[in-house]
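Engineer: Chain residues, written in single-letter form:
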Amino acid sequence: MALAHDNKAALDLYQDMYRVRQFDSMASKLFAEGKLAGNIHTCIGQEAVCVGACRAVAASDFIASTHRGHGHCLAKGGDARLMMAELFGKATGYCHGKGGSMHIADLDLGILGANGIVGAGIPIAAGSALASRIRKTGEVTLCFFGDAASNQGSFHEAVNMAAAWKLPVVFVCENNLYGVSVEIHRVTSVPDIAERAKAYGIPGTVADGNDVFSVLAAVTEAVERARRGDGPSLVECKTYRHHGHYEGDPQAYRSRDEVEKWKRRDPIVRLRAEILSGGMAGADEMAALEAAVDREIEAAVTFAAESPWPSASEATTCVYATDNDRSVAR
Amino acid sequence: MRTINYGKAISEAMHEEMLRDESVFILGEDMGVMGSVFGLTRGFMAEFGADRVIDTPISENGFVGMAVGAAIRGLRPVVELMYVDFAPLALDQIANQAAKMRYMTGGKVKVPLVVRAPGGAGRRNAAQHSQSLDALFTHIPGLKVVAPATPFDAKGLLKSAIRDDDPVVFLEHKFCYAMQGEVPEEEYVVPLGKADIKRPGRDVTIVAWSRQVIFALEAAKTLAAEGIEAEVVDIRSLVPLDFETISASVRKTHKVVVVHEAIKRGGYGAEIAAQIMEELFDWLDAPVKRVAGLNVVIPFSPALEDAVFPHVPEIVAGVKEVVR
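Those sequence lines, one after another, are chains A and B.
For the record, in the first sequence the residue sitting at position 273 is 273 according to the numbering used here, with numbers rising by one throughout.
Basically the numbering used here = 1-based index in the second sequence + 1000.
These aren't lab readings, by the way, just hints derived from the structure by calculation.
Any given hint could turn out to be false.
[To be verified] Okay, the calculated bits of chain A under chain B, using three or more residues with CB under 8 Å as the criterion:
1. 106-115
2. 127-139
3. 253-262
[Said to hold, decoys possible] Each computed DSS-like pair below joins lysine-lysine, with the alpha-carbon atoms no more than 25 Å apart:
4. K1110(B) / K90(A)
5. K1110(B) / K136(A)
6. K166(A) / K136(A)
7. K1252(B) / K1221(B)
8. K1008(B) / K1320(B)
9. K1221(B) / K1110(B)
Positions of the beta carbon are idealized from the N, C-alpha and C atoms, including for glycine.
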């Protein structure tokens, strides 16, 4: 954990993880209060993966995200205010209310987009890497996906092509043990998703997805390899989602004991303890940092709540770039 | 003017656009070394290199998805699905990703992608290599859908499709590849969303696209010999649809037959017929007639295949039903 000795880096990681935690905890609370509609998938418990992986790439690099994507977006620099406004369905949101929680994108930040279809972002990420190859622009694309997405054909097709063509992409599997209600090992042929790398002749490594330094080290190595032109890697990050698949999920498919066991391995509690015990920051400093993030999330909620709804006439815009009116009408 | 075939016209469109714009590239099965199963990209790999003419594995959802990713990043991929019958393998990327990306992101992301897909019956390719899936694509908002009948339109429309900032499904008819037609040497484009009156006439409007335009023109000749002057409107683009040209024709002739090769049930002809009923009912002297494929799987045997989709006699008979 050499990186842990850099106090500033550790605090930055903590701040990013804490921001993701507070954003999704707020989304969960707002949903329970009836203030958010639709489906909300939180990544509470998985913050070390999105933050550790995004820390391994540059601002000019790209990420492809998933339905459980708030953390990826924030970790790549997404604006919590615009994200929260999108969750509210407001005109000021990232997608002007057209996309919601599962479709946030910001190409200026390298965020290719979250995705509501499990596994669909994998070929898209490989295609982004292909674009970098064709243009010789040197970016690396991080592809986030869950354990269950590795059972989609899109995973196998895209990893095969990326490996065959040595594309600059890193496949980051967030193994949170469940595809909705199904425990992954009940439906998967290998104990570790990382083993699937062997089929495609690429490195497959397992990281502790609840240890941000473990994720950062594994993804950094994979990013360096991709940047050198040596092709993709598969990094499996073992983690756990504290909440259900969606907010309101009764979670009858897993035991209270199992959830409590994983909560004792909470990545944020763990990093906080490491920082304090390592003397990297004092309790006051940590409290101040957390208070600042809390205010940021509160401000995002205020911004979202006070923002206007999109006008109903906006429902027919942005279907097409050209000929929009004509194409929508006919 | 010089004459080339429809396949050559499509090939020229891709070649010219690749020369014109470095962001245009080609990927699909057998596009590189082989030059595509229909020979449309022969020589391209040697000229443009393996990064711009990419032989993919047989992974339709995967490589269409990669094209979507590259398009999001600002390239202009031209993907070939060897047969439109393979589109269902890639339908998530076409329908859920490419088509919806701009809208879902509130206009932040564009997908300038062309999916070329040869389709159509008549070549004894049987059930899984002969379909016309036009209506499948027209039912997905966010896609533009184009289906040219002639070499001139194929070239000009494909160039427009490649330059367009939206995903375009470009439906080619396999039976048209060898058909000859006049195509100028000089640069031109045909805009998407503009119909073309392929033959003027006063008595009846035949609305058609793709190969059925060729049959409709032959039918019009037969009808002319019997004193019926049919106007053949080739819509060329299904989405966006140039309803104004259809409307002007129907207001002139007061009778209309909509013709397509795809099966009749839920076909795009039903949509066109409904729009005419809704907006031009008072101008009609007869109900709108559809002449379309039977609601069956495309059979193999020539004796069966030729019986399941319209040819000239069915169009002639359809016209005579509305022109009494």
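Engineer: Would you mind marking each hint as holding or not holding in the structure?
Structural biologist: To see whether the hints hold, each was checked on the structure:
{"no.": "1", "hint": "106-115", "in the structure": "holds (count 5)"}
{"no.": "2", "hint": "127-139", "in the structure": "holds (count 9)"}
{"no.": "3", "hint": "253-262", "in the structure": "violated (count 0)"}
{"no.": "4", "hint": "K1110(B) / K90(A)", "in the structure": "holds (21 Å)"}
{"no.": "5", "hint": "K1110(B) / K136(A)", "in the structure": "holds (21 Å)"}
{"no.": "6", "hint": "K166(A) / K136(A)", "in the structure": "holds (13 Å)"}
{"no.": "7", "hint": "K1252(B) / K1221(B)", "in the structure": "holds (19 Å)"}
{"no.": "8", "hint": "K1008(B) / K1320(B)", "in the structure": "violated (36 Å)"}
{"no.": "9", "hint": "K1221(B) / K1110(B)", "in the structure": "violated (45 Å)"}
Comparing the model with each numbered hint stated earlier shows that hints 3, 8 and 9 do not hold.
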